[in-house]
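A.B. asks: Fit chain to chain and form the complex, with the hints in mind.
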Amino acid sequence: MTAVTKVPIPLDQRLSAFVRGPLVGLVWLATAALCVALLRDRPVALEHRAWVPPVEYEVSTPSSGVLGVVLVRAFQEVRKGELVAQLDPRPLEARLATANAEVLSLRAQIADARELADAEQQQAESLAAQEATSDADSLRMRMEGDLLRSSFDESDLRLGVLELEVQLASDEVGADLLQAQHLRASRLAEDGTGWEAEAADLALELRQAEERNRGTAARLSGQREELLQAVERTAEIRRGFPAATGAMDLPRIPAATRALEAAIRVQELVIAELELERDALNLQAPIDGQVSALYVGEGQSLMAGRAVMLVTASAAREAVVFVDPEVASGESLVGRSVELRAGERRSLETKIASLSPKTELLPERLWPHPASPAYGLALRVPMGESGMFMPGEILRARILPSEN
Amino acid sequence: MNDFESLFRQLDATGMAPPPTLQGLVMSLLLALTLGQLTAWVYTKTHAGLSYSRSFCQSLVYLMVIATLVMFVIGNNVVAAFGLMGALAIIRFRNVLKDTRDTAFVFLTLVLGMAIGSQRIAVALVGGAFLLLLAVWLHVTRFGVRSHFDGHLSYRMSGLQSGAGVGDLLKRVFTRYCQDLHVVTVHDTGDEVEYVQQVRLRDRKRGNELVQDMRGLEGIGDVTLVLRDENIEI
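Chains as they are written, first to last, in numbering that gives the first Met the number 0: chain D, 0 to 403; chain E, 0 to 233.
Treat the hints as calculated values from the structure; they're not laboratory data.
Check before you lean on any hint, since a few could be wrong.
Said to hold, decoys possible - In silico DSSO-like links for lysine-lysine, alpha-carbon gap of 27 Å or less:
1) E/204 <-> D/5
2) D/5 <-> E/170
3) E/204 <-> E/170
4) E/44 <-> E/97
What the hints assert, rightly or not - One side only, chain E facing chain D, incomplete, derived with CB under 10 Å:
5) 20
6) 29
7) 33
8) 40
9) 139
10) 170
11) 172
12) 174
13) 204
14) 209
Stated by the list, open to error - Here are the simulated distance ranges between beta carbons:
15) E/49 <-> D/343: 46 to 56 Å
16) D/369 <-> E/135: 40 to 50 Å
17) E/139 <-> D/4: 31 to 41 Å
18) E/66 <-> D/26: 14 to 24 Å
19) E/70 <-> D/331: 29 to 39 Å
20) E/179 <-> D/26: 22 to 32 Å
21) D/4 <-> E/66: 46 to 56 Å
22) D/28 <-> E/228: 29 to 39 Å
By construction, the Cβ of each residue, glycine as well, lies at the ideal position given by its N, Cα and C atoms.
So here's chain E without its partners, still in its complex pose (with noise of 0.2 Å):
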């Protein structure tokens, strides 16, 4: 229990704020992505409703990795943070602003700002540089995208082909072209049943080859593939 609290103490404040050193703004901005990254990981896993945002998912590594930049900036200016207050108060009153990200993105601004008026051009370059890098990345890499399906594969089964599941001819198709699959509706009238599938594709430029296939299967009909845009969480 002693080591842990010496531990706990030595990465504790060290009871004064030591200069912004490069190598201390570069580890906190670093240590501030790494938590941020797992706080937004663990609020995805964890999400349950209808409201989830991947922009907010996002905003929330935002926003860790801004509020270390403005410590740094602010330091232990009582003034500079009143006046941070207040400017991010008269950006709220005069626009609304629905998407957090949004929000990430005028505080980043704003903090930047404040960095160059104070003369802290180091740490104004060095953050807002890892910030808009980090911006890119966690676009590239589709950040807080829950779902990895393609899109939406729908489709009706008549005859001796319904109510036995899928049949081993349409389980040979699903195989060839499809890496992951996950029925979302069945919806059975007595004649026919109607599947809703989400679909992951081998080749997405080839979804038209699997509709084709599918339609040339006997008792099959009506097969839609809706491919989802990338951008759009569904």
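Just chain D, with the same shape it has in the complex (with noise of 0.2 Å):
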């Protein structure tokens, strides 16, 4: 039998046919391909919820008080020890004011006590003249009567010493009051608010008031080194009493004087105490950062240890990184590294410092939805100084694998 000449499939109809059939094939098989190839290039690995924490302080009146004035706004920059609001001193400054009565008062006492003191005293050596008493009894006389006017002279020159701290702690009081209000008027002047003419003023007085502080400062020095030397002599005479009398016991100082000298003891403590209420008043920013928050407002009465601002730190150091339990417990996650990332451009490598002990709740923030709450182990992962990521911001975390 002849063979057969086959009807020539037409070329449309043989690409029809190949559409329809092979080429489905070779695609799929190619996206097939394709696929595989993305997977492999996408960046797998387990990725963790992170963030940044805020490095945040609470600036706290450490006692009671009105709120004398604010230096600083929301959201401005700060610097450590930077003066940021003041109580209201006048209430310190009335108690300054009594305690330089008190002292004046005693001041007062001592010098008629000390006059009485001396008249029985010339009293006694003349009636001792008259009787031709020994040798040694007039010397016994003549140092009692040193001692008594050594301790009046310590006496007078602890007033001295009171007086000028009431009046340094009062004028620095003053002097704080001037700087808090000349910062003020700087920064509107800043701001170009018409203030540069009440800053220049408060300037002035301020360098004023600073010199009278220094002067105060150096009587006050002067006059505590005379008091030691006061304190010595005393000293010294005692200690040569029963030496030079050959009595065994050092005379008894009057009860009035005595009482006196205790009160010259609690005002000391007094006065103190005063100071440290100075210190008190004047609010400092405890880090380098910004103002977040301002809870209060000037001419707020506020108690002893309520928040006047919230100081959130400028630079970030620390990330936190929440994982599995069950990831953490099949390995040593400490000192591996991982990659901290921030949206597609931001992004760290760095080191584990450290693993919480026990499961803890995960910002809300970081809840895969707002009515479940979540929880993992905390990862310490330190950012040195790279600033690259801001504080309170959320962060995706790839632990990498180790280099074992």
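C.D. replies: Written out as structure tokens, the structure reads:
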């Protein structure tokens, strides 16, 4: 039988058959291969939630009072130690005035007591001269008089020191207030609000006050030096009294004088306490950062410990990564490298420093759903001084395979 | 086993939804297409019944890709998810969609609308273009069609030709004009045998030549060739 001549299959029919048949399979294979390639290039690894916890400090008042002046505004940058607010110093100034009055009263009483003691001493000495007492008795009487006068000198100098301390404390309170006012005026002047003249006046007053305070401090220092010398003299007389006079006991100080000396000691403690209160009037920024919240305003009455403002540190040095406890159970994560990522362009590779000992509740913003609390183990990850991420920023963390 | 587990964990969810990058979107859509076509092929090959529908088969591919797009649009937003569910429910009650492919296109429209409304413009553009190209591709390739025959050929054989199968002459004619033949029915009335065959022609335009040649053969009569519409599944 002869071979059959087959009808040729037209090209369009061949093409149509190819499109409807093998081409679909080829395209599917190509797509599958592309998927495999993309999956392999996919940045795989378990990703974990992480964030940069903001370092925040509350500036609170150590004592009760009225908030006198607030020197900063919300979101203003502050430096560590910078004066940010001040309590009203007037109550303290009143108490310092009272203390000063007490000191003056004591000084008057000491003067009266001294005058009385001098008169009694003179009377005793003249009586002794008339009765021709022995040399030993005369020496003893003289030394008793020296001891008494030295005690009175010491008390006088103590009162002088107290007076100067009260004056200095009072002047420094005034200087602090001037400084706070000058600082605020300067900041307002920088904003171009027309406070330049006021700022200049306050600057002049502040310089004058500081000059006065330096003078007072110098006098106080001299007075303290004299007091030390007086104390030494008294002690020297006390030490030499038994040997010079042969007496076993030291002469007794008159009761009134002892009471005055006790009152001076009490006043010293009162003034020391007032000086501590003066330090507590000034509220300073605890860290370099920004004022993120102001809770109270000027003139508001505050109890001790009340928060005045919140300062957030400018730089974040640590991130916290939360992992599933199962991830941490199989192997040690401390020392492992971790990649922190925010967005598509910012990333940082660092090492895990420590692992929390217990499961913690994640911050609410990291929960996958607002109504479903999430828990995890916290890993502390130091970031150094990179400053790549902002405090409060949410990150994605990928724990890199160990090098072993 | 540890390697498999490690691979599985690597391919599994990362613990939190990654941002919808272009690479991630394209990879996801391609993967959905690959798995969707595979699903549809398995469905086509394993379907045993009378209700096979090419439209349904294509819908399997559409829905898998659209579901992928939905996850990129909704993400973790519960409100958007409930909104989509509500919109679908409203459409279902208001308009009974008998064709699954119609449902898939309605779904696609909703998803693209939600993507644009939620300002995921890139997702809407890329996903929409991908799906529309996919629809064209599935249409052009007649994806889901099970039969590859061009039509039905019926004829009667009488005399010495009947009872002995197809004669040599008939065979030569078939070899000349047809790529493939499949006997569907054989009706033997004693004097004649009626054959109905599915036929795939070498050249669809020369079907009448096949009929003429068959009619020229002795003992062959009532030759009828019915070529089906390519868009209709028989």
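A.B. asks: Now tell me, hint by hint, if it's right for this structure.
C.D. replies: Going through the hints against the structure:
Between residue 204 of chain E and residue 5 of chain D the alpha-carbon distance is near 14 Å, which keeps this suggested pair within the 27 Å criterion. Taking the CA atoms of residue 5 of chain D and residue 170 of chain E, the gap is near 12 Å; set against the 27 Å cutoff, the hint holds. A threshold of 27 Å between alpha carbons decides the hint, and for residue 204 of chain E with residue 170 of chain E the separation of about 20 Å falls inside it, so the pair holds. Annotation: proposed proximity of residue 44 of chain E to residue 97 of chain E holds, straight-line Cα distance about 23 Å (limit 27 Å).
The interface hint given for residue 20 of chain E holds, since its Cβ lies 8 Å from the closest Cβ of chain D, which is under the 10 Å cut-off. Of the supplied interface hints, the one on residue 29 of chain E holds, with its beta-carbon coming within about 5 Å of a beta-carbon of chain D, less than 10 Å. With 10 Å as the threshold, the beta carbon of residue 33 of chain E comes within range of chain D, its nearest partner Cβ sitting at about 5 Å, so the hint holds. With 10 Å as the threshold, the beta carbon of residue 40 of chain E comes within range of chain D, its nearest partner Cβ sitting at about 9 Å, so the hint holds.
The interface hint given for residue 139 of chain E is met, as the beta carbon of that residue sits about 6 Å from the closest beta carbon of chain D, less than 10 Å. A hinted interface residue such as residue 170 of chain E counts as satisfied when its beta carbon comes closer than 10 Å to some beta carbon of chain D; here the least separation is about 9 Å, so the hint holds. The criterion of a C-beta within 10 Å of any C-beta in chain D is met by residue 172 of chain E, whose closest approach is roughly 9 Å, and the hint holds. At about 5 Å, the closest approach between the beta carbon of residue 174 of chain E and any beta carbon in chain D falls short of 10 Å, and the interface hint on this residue holds.
Interface restraint check: residue 204 of chain E against chain D, minimum CB-CB distance 7 Å, threshold 10 Å, status holds. Against a cut-off of 10 Å between C-beta atoms, the interface hint on residue 209 of chain E holds, since the closest Cβ of chain D lies about 9 Å away. Taking the beta carbon of each, residue 49 of chain E and residue 343 of chain D are about 53 Å apart, inside 46 to 56 Å as hinted. Residue 369 of chain D and residue 135 of chain E have their C-beta atoms about 42 Å apart, which keeps the hinted 40 to 50 Å range intact.
Taking 31 to 41 Å as the suggested C-beta distance range, the pair residue 139 of chain E and residue 4 of chain D conforms, at roughly 33 Å. Between residue 66 of chain E and residue 26 of chain D, the C-beta spacing of about 21 Å keeps the proposed range 14 to 24 Å intact. As the Cβ distance of residue 70 of chain E to residue 331 of chain D is approximately 36 Å, the hint placing it in 29 to 39 Å holds. Between residue 179 of chain E and residue 26 of chain D the beta carbon distance is about 24 Å. The supplied range of 22 to 32 Å therefore holds.
Roughly 53 Å separates the CB atoms of residue 4 of chain D and residue 66 of chain E, a value that falls within the hinted 46 to 56 Å. With their beta carbons about 31 Å apart, residue 28 of chain D and residue 228 of chain E fall inside the hinted range of 29 to 39 Å.
This entry satisfies every hint, going by the numbered hints stated previously.
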